[in-house]
Structures are given as structure tokens and as C-alpha cells.
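All chains should be modelled from the sequences, with the hints used to inform the complete structure.
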Amino acid sequence: MFQRFFPNEYYDSTYHIDFQAFYDKGYRAVLFDVDNTLVEHDAPANARAKALIQKLKDMGYGVCFVSNNDEERVKSFNEQVGATYVYKAGKPSARGYVQAMQKLGTDRTNTLFVGDQIFTDIWGANNAQLYSILVQPIAKHEEIQIVLKRIPEKWVLHSYLKKHTLQTGK
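Take 6 as the starting number for the sequence shown in the working numbering and just add one per residue.
No lab work stands behind these hints, which were simulated from the structure alone. One or more of the hints may lead you astray.
Between beta-carbon pairs, the in silico distance windows are [what the hints assert, rightly or not]:
#1 S164 to K55: 31 to 39 Å
#2 K159 to G65: 36 to 44 Å
#3 K168 to K55: 20 to 28 Å
#4 E77 to T114: 29 to 37 Å
#5 N51 to T114: 25 to 33 Å
#6 H21 to K167: 18 to 26 Å
#7 G65 to K168: 27 to 35 Å
#8 H46 to I156: 23 to 31 Å
#9 Q107 to K30: 18 to 26 Å
#10 K167 to A52: 20 to 28 Å
#11 D112 to R9: 17 to 25 Å
#12 K159 to D63: 19 to 27 Å
#13 G95 to D47: 32 to 40 Å
Quick list of in silico lysine to aspartate or glutamate cross-link-like pairs, EDC-like style, CA-CA up to 16 Å [unchecked claim]:
#14 K55 to E84
#15 K30 to D47
#16 K62 to D17
#17 K145 to E158
#18 K62 to D29
#19 K30 to D112
#20 K60 to E14
#21 K145 to D47
#22 K145 to D17
#23 K145 to E45
#24 K80 to D47
#25 K159 to D17
#26 K167 to E14
#27 K62 to E76
#28 K60 to D29
#29 K168 to E14
#30 K30 to D17
#31 K93 to E77
#32 K93 to D112
Values in this document were obtained by computation on a predicted structure and should not be read as measured data. From the three backbone atoms N, C-alpha and C, an ideal C-beta is built for every residue, glycine too.
Shown next, in the form of C-alpha cells:
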């Protein structure tokens with residue numbers, strides 16, 4: 006019933022994903038949501054986010070941020086890490102993901118997506134036929150519209166976790 010919302014994998018943190026293993030499997034681009042995936046909502050890029058993006062670029066990945074935020078937010082974050090971005094992406098539509106792949110010169114067979122929300126990030130990545138990775142949100146405090154979306158997300162996660170496990174960095 007909820008399969009279209011299921012990620013391919015679910016991690017407790019973006020920072021626990023073994024991106025080298027995905028690179029070894031042939032993936033060459035990582036698309037990220039920003040807020041609550043890499044940093045807290047509206048926060049600037051911190052040392053951890055900067056180090057991860059640099060590590061990915063050093064591995065050979067193309068990196069693009071796919072966000073429903075306005076350009077000011079996404080551009081200011083991107084300027085701190087030197088990747089590329091798509092703003093007002095229209096998630097869960099596939100449009101923003103396709104734009105990101107065009108910018109990076111990749112396609113759905115070699116592109117990963119990482120995000121913290123099921124009904125925008127993961128559903129959109131699935132609509133674009135990407136390998137989707139859900140991560141737990143960094144911060145518990147969120148805007149009311151996101152808090153309200155988290156309620157039905159719990160049903161989807163419950164159904165997902167009956168068949169899969171949460172992956173941790175431990």
C-alpha cells in the first residue's frame with residue numbers, strides 16, 4: 006500500500022552512509038535535500054557538512070542540492086560548499102531531480118538521492134526512479150507544516166520497518 010513512499014534504504018544519519026560502497030557500485034552523483042538532511046533547518050553549512058561534500062567530490066561524485074526552498078536559502082548554503090543546486094524543485098515532482106541530473110551529466114542509473122522527508126524527498130526521488138535513501142531528521146524542532154507531515158509519515162515508516170531495518174553507523 007505504501008511502497009511508492011518507501012526508500013531503498015533508511016539510515017539514522019546522512020553521515021553514516023557508506024558513500025564509497027555506492028561509488029564502487031557505479032554511482033557518480035549524490036543529490037541531497039539540505040534542511041534536516043545535512044544541517045538543521047535554515048542553518049549554514051557546518052564543518053561536518055563541508056567535510057562530507059568535499060569528501061564526496063574528492064571521491065569523484067557530482068553533488069547537487071535539490072530543495073523546495075527559495076534560491077536565497079539554497080544558494081547561500083551552496084556557496085559554502087561549492088556544489089550546485091536546484092531551488093523551488095517542486096518535490097515530489099520528478100522535475101527538480103531531472104534538472105539536477107542534467108546539471109551533473111548523470112542519469113537515474115548512477116544517481117543517489119538522500120533526504121529526510123517521505124512525502125517530498127523520497128516520493129519525489131522514487132518518481133524520478135532514483136535510488137532513494139531516507140535519513141532521520143537532524144533536529145526534532147521543525148516548522149508546523151513539516152510536523153503535520155510527520156504524522157502520516159509514521160504510518161509509512163512503520164510499514165517499511167516491518168520489512169526492513171534502520172541502518173546505523175555503528
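Right, here's what the structure says about each hint:
{"no.": "1", "hint": "S164 to K55: 31 to 39 Å", "verdict": "36 Å, holds"}
{"no.": "2", "hint": "K159 to G65: 36 to 44 Å", "verdict": "37 Å, holds"}
{"no.": "3", "hint": "K168 to K55: 20 to 28 Å", "verdict": "36 Å, violated"}
{"no.": "4", "hint": "E77 to T114: 29 to 37 Å", "verdict": "33 Å, holds"}
{"no.": "5", "hint": "N51 to T114: 25 to 33 Å", "verdict": "32 Å, holds"}
{"no.": "6", "hint": "H21 to K167: 18 to 26 Å", "verdict": "22 Å, holds"}
{"no.": "7", "hint": "G65 to K168: 27 to 35 Å", "verdict": "33 Å, holds"}
{"no.": "8", "hint": "H46 to I156: 23 to 31 Å", "verdict": "18 Å, violated"}
{"no.": "9", "hint": "Q107 to K30: 18 to 26 Å", "verdict": "22 Å, holds"}
{"no.": "10", "hint": "K167 to A52: 20 to 28 Å", "verdict": "37 Å, violated"}
{"no.": "11", "hint": "D112 to R9: 17 to 25 Å", "verdict": "21 Å, holds"}
{"no.": "12", "hint": "K159 to D63: 19 to 27 Å", "verdict": "37 Å, violated"}
{"no.": "13", "hint": "G95 to D47: 32 to 40 Å", "verdict": "20 Å, violated"}
{"no.": "14", "hint": "K55 to E84", "verdict": "11 Å, holds"}
{"no.": "15", "hint": "K30 to D47", "verdict": "33 Å, violated"}
{"no.": "16", "hint": "K62 to D17", "verdict": "23 Å, violated"}
{"no.": "17", "hint": "K145 to E158", "verdict": "14 Å, holds"}
{"no.": "18", "hint": "K62 to D29", "verdict": "14 Å, holds"}
{"no.": "19", "hint": "K30 to D112", "verdict": "15 Å, holds"}
{"no.": "20", "hint": "K60 to E14", "verdict": "21 Å, violated"}
{"no.": "21", "hint": "K145 to D47", "verdict": "14 Å, holds"}
{"no.": "22", "hint": "K145 to D17", "verdict": "13 Å, holds"}
{"no.": "23", "hint": "K145 to E45", "verdict": "9 Å, holds"}
{"no.": "24", "hint": "K80 to D47", "verdict": "12 Å, holds"}
{"no.": "25", "hint": "K159 to D17", "verdict": "15 Å, holds"}
{"no.": "26", "hint": "K167 to E14", "verdict": "13 Å, holds"}
{"no.": "27", "hint": "K62 to E76", "verdict": "22 Å, violated"}
{"no.": "28", "hint": "K60 to D29", "verdict": "15 Å, holds"}
{"no.": "29", "hint": "K168 to E14", "verdict": "11 Å, holds"}
{"no.": "30", "hint": "K30 to D17", "verdict": "22 Å, violated"}
{"no.": "31", "hint": "K93 to E77", "verdict": "11 Å, holds"}
{"no.": "32", "hint": "K93 to D112", "verdict": "20 Å, violated"}
The structure shown violates the earlier hints numbered 3, 8, 10, 12, 13, 15, 16, 20, 27, 30, 32.
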